[in-house]
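**Q** Start from the sequences and build out the full structure, keeping to the hints where you can.
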Amino acid sequence: AQSVTQPDIHITVSEGASLELRCNYSYGATPYLFWYVQSPGQGLQLLLKYFSGDTLVQGIKGFEAEFKRSQSSFNLRKPSVHWSDAAEYFCAVGPNYGGSQGNLIFGKGTKLSVKP
Amino acid sequence: DGGITQSPKYLFRKEGQNVTLSCEQNLNHDAMYWYRQDPGQGLRLIYYSQIVNDFQKGDIAEGYSVSREKKESFPLTVTSAQKNPTAFYLCASSSENRYSGANVLTFGAGSRLTVL
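From first to last, the protein sequence lines stand for chains A and B. Basically the numbering used here = 1-based index in the first sequence + 87. Position 24 of the second sequence, counted from 1, bears residue number 9 in the numbering used here, the numbering being contiguous throughout.
Hints listed in this document are in silico derivations from the structure and should not be mistaken for laboratory results. Beta carbons: idealized from backbone N, C-alpha and C, even for Gly. Mixed in with the good hints, there may be bad ones.
[As the list claims (entries may be wrong)] Covered by chain B, per the in silico footprint, the following chain A stretches (three or more residues, Cβ under 8 Å):
(1) 128 to 141
(2) 193 to 199
[As the list claims (entries may be wrong)] For lysine-lysine, the following BS3-like pairs were computed, each having C-alpha atoms within a straight-line distance of at most 25 Å:
(3) B:Lys68 with A:Lys195
(4) B:Lys42 with B:Lys68
(5) A:Lys195 with B:Lys(-1)
**A** Shown next, in the form of structure tokens:
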């Protein structure tokens, strides 16, 4: 079955510390991969995406993610967290053929808290 | 600025009432989507539409209905048949292109429905 797993429900880091949010997926073929961020009571904003090519992708707000096919993972990283990064983060996977985004599968999210 | 407008932001409903959530986009996107978000559950797809006058059920369509009479608009009706309608509802759109693979979702700010 196709699925996305974000093992950490809630993570707390100190401001200035590094961050890694985990995402593992189960999919029948190489998928398209996404990370979205959601502030409380708001919609989701795209942080970055992987379609093909370089497996290390850069996104907005200083985030990056690495696609590791052998581990079926797409972990999100940031070298130094800012207080404004406190939010909920969602990993998502979708088909890499000409299909509808209706097939996008979201993880359950990881809530990030930042300590001053 | 182009984007997606959802209204109302907050909505209260008595049991047994139907309510309609509005979603309007000026991005000239072909595809539109409705997701339901519950705490700790991620996003679940309710309905999606790739073109005007056509739409498909998602994973949790029971108790919901949609219409797509105009490209810009994709309203969602939560009917009295939906047994647990209290949730955060997110509308999204994408520039669907069947031949170029997956595209990026743009989200609205959401509508929070509470059943009294």
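**Q** None of the hints should be skipped; say for each whether it holds.
**A** Hint by hint, here is what the structure shows:
{"no.": "1", "hint": "128 to 141", "verdict": "holds (count 8)"}
{"no.": "2", "hint": "193 to 199", "verdict": "holds (count 4)"}
{"no.": "3", "hint": "B:Lys68 with A:Lys195", "verdict": "holds (22 Å)"}
{"no.": "4", "hint": "B:Lys42 with B:Lys68", "verdict": "holds (18 Å)"}
{"no.": "5", "hint": "A:Lys195 with B:Lys(-1)", "verdict": "violated (29 Å)"}
When each numbered hint is compared with the structure, a violation occurs for hint 5 only.
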